[in-house]
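> Line by line, the protein sequences are chains E and X. Here the first sequence is numbered in the UniProt record's numbering, starting from 1 and rising by one per residue. Here the second sequence is numbered in the UniProt record's numbering, starting from 1 and rising by one per residue.
To be clear, the hints were calculated from the coordinates, so they are not data collected in a lab. Please note that the accuracy of each hint is not assured.
Unchecked claim - In silico EDC-like pairs for lysine to aspartate or glutamate, Cα to Cα no more than 20 Å straight-line:
| no. | chain 1 | residue 1 | chain 2 | residue 2 |
| --- | --- | --- | --- | --- |
| 1 | E | K91 | X | E278 |
| 2 | E | K25 | X | D193 |
| 3 | E | K91 | X | E281 |
| 4 | E | K25 | X | E281 |
| 5 | E | K25 | X | E191 |
As the list claims (entries may be wrong) - Examples of chain X residues toward chain E, derived with CB under 7 Å:
| no. | residue |
| --- | --- |
| 6 | L115 |
| 7 | L199 |
| 8 | G353 |
Where a beta carbon is used, it is the ideal one built from N, C-alpha and C, also for glycine.
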Amino acid sequence: MAKNQITDWRAPETLTIYDVAGLEKEIFPQGPSVGNWKLDLSAVAEIDGAGIQWLMTFMRRIRQAGGSVTLTHLSDAVLQASELLGLNWHKEQGA
Amino acid sequence: MNDLLETFIDEAGEHLAALESALLELENNPGNTDHINLAFRAMHTIKGSAGMVGFDHLSYFTHHLENLFDELRAGRLQLDQDIIQLVLNSRDHIETLLGYPAPSADLMAISETILAKIKLHLPEQPSARETSTQEAPSKRSEIVQLYRITLLPCANAFREGFDLLPVIRELGGLGNCQVSTYLNQDYAACEFDPESCYLQSTMLLSTDAGENAIQEVFIFVQDDWQIQVEVLPEDEAWRVGELLVSQGVLSDKALKDWLESQPKTGQRLSESGLAEPEQVERALSEQRYIRQQQQQKQQEEQNLKVPQRKLDALMDQVGELVILQASLDQLALEREDDRLNTLAEELSRLANGLRDIAFDIRMLPIGSTFGRFRRLVRDLSKDLGKAVELETQGADTELDKVVLDKLVDPLVHILRNSLDHGIETPQVRLGQGKTETGTLKLSAYHHQGQILIEISDDGAGLNRDRILKKAQERGLVSPSAPLDDKDIYQLIFEPGFSTADTISDVSGRGVGMDVVRSSIEALQGKVALDSEPGKGTRIRIMLPMTLSIIEGLMVSVAGQKFVIPLNQVEECIETSASELSNKNATRLIRHREQLVPSLRLRESFALQGTQPPIEQTVIVRTGDSLLGVTVDEVIGNYQTVIRNLGKLYRDTPGVMGATILGDGGIAMILDLAQLTQATENTF
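Work the whole structure out from these sequences, hints included.
Structure, rendered in structure tokens:
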């Protein structure tokens, strides 16, 4: 992946324990990846602790590998869940 | 009534006000979890306290409401208009039940009817849950504690259907909290299994719910999760620097300057690689929260609840002290004794300080009454099929509690009138090019040493011709009387006046506005009304801030002393006795390029004695009007303890009370509003 290229990814409607294994295979088929990511979370209508955790690890893995992750268009469901866990994602929300 | 019961009823009243306010907010914003939590805590507290003071039926009733809010905050039930109305009805019923430790069969039947409706909304409850919530009140600690709760779910938590989110949501419902969540030590990117749980949360929770209530939240997960609940000691946030400041060794600024010049511990730890920056930030945020909670708690602990009768007694004693101080001042003046003079001055300084403190204690923000008006406007507008929004301003404006209590009824009358006669139905408003929703504004602010309360609406305004016709029919004014619009509008304050064609439950019975005026006047206030057809009506109420002790200006006429409230005095000027009065003791004097109606007290009160050739005229202001009060001599400032007049003198026009002087004599306190009105009628 080119260094400055940004990958846009739109999250599905549900980000729950039933979805995370499939998403993991889709995004990280060969383990941790590098690059610049823009995650559009506008469609997420349902998210649970597993979904939040997956997004946390997504950011951690990409950033530790030298890439960047920007969260955009956080849906109400994502905002409520992240605020409840004290994650302040609304503050790092990009355009 | 014993103290415990009195405290319970007082506090229950406050919780009901909080509940009502939360419900009215939720009506506009049903998803606001803060207000749902607030309502839950209100019910939870009333339930627990009611049980303790023997109001068992009330405790039973509120238990079901508590369950209802528990379901709402857990997200198992959605708040809708029906539920809000049901809870508002329940709130009113609780208010009634507060008067009856053992309510009648009728009241209990009402309870059951309401509860049956509540149960229709409640999902079926597991019995274990029912038992655990019922036990909660007896375990309440009633002391606000700060807890640090660490939650480490087991790796299989998600797979087993358990999640951190509902647990944290439920804990949050117990009080004020701050949460931080992070990936725990078992997380390793290369071995990440997205269905395993690696989350760990730390929560700082400030609550009065007690540790048992906290533990109850973990009932389904406590065997598998690692959970730590610890009470934070009160002095945890105190550091050496802060202790040195509190001991006076260092100034706050010196400590801040020094600390800012030092590298922060977190920064040092982070730079040395011992801790990740985000871990340091998490710890700092936790520290900030602890400090904030402890400061808040320290402030809360400084508040005391005192029954009003004790404050009234304090005020009476202060009044007596002020009178005694005046006697001492008088004695010191007569004796010409330096030592006595010094003592009198010192006592005067202390008595003034005490008076100001006693006043300040009795002052309450007017916003404490605004809350109940929101409910009134909501309910009435619904009954009348109107859409009305109540806007309030100046809720922080402070007023003596006694004045505030007596102000509620007149304000209710005015608001009811505005809703019933002023604001039109949505159809009519739309037809007139107005917005569908009418606006009712209620504002309070300080104005020239008094409190000005304004109630305005954007409704139809008053019907000038109809008011005039009614007034003439009832013989209140003669058909030939020259009246301008403003005079005509004031006629609605006349006793028995009503233009309503039909009598509704809300208003239109011809009692109301005259009661409003007499109530406001009884508070030494003044009410005026202005209206514009099709645009709306505005009512202005001017009130003194207190009714018990005022700063006065002592004057004398024919050797008799009078007191004029000092906050209304603009200036004193000399006038000539050769300017004759008309038959009502009034005349116009030229002052600062305008003519000011003036009243000679000597003639007004038919006092004997020789009129000095040069008199003193005190220019006073009541509302927007100026009035001159002509006297023989201006003596000076005088702290005036207002005493009510006996039955014989109570209705003397132009006098609102009397005060006892230092030499034991009596001085009348002038009612400037009445004198102004009497003078205005002359010109």
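> Does the structure break any of the earlier hints, and which numbers would those be?
Violated: hints 4, 6, 8.
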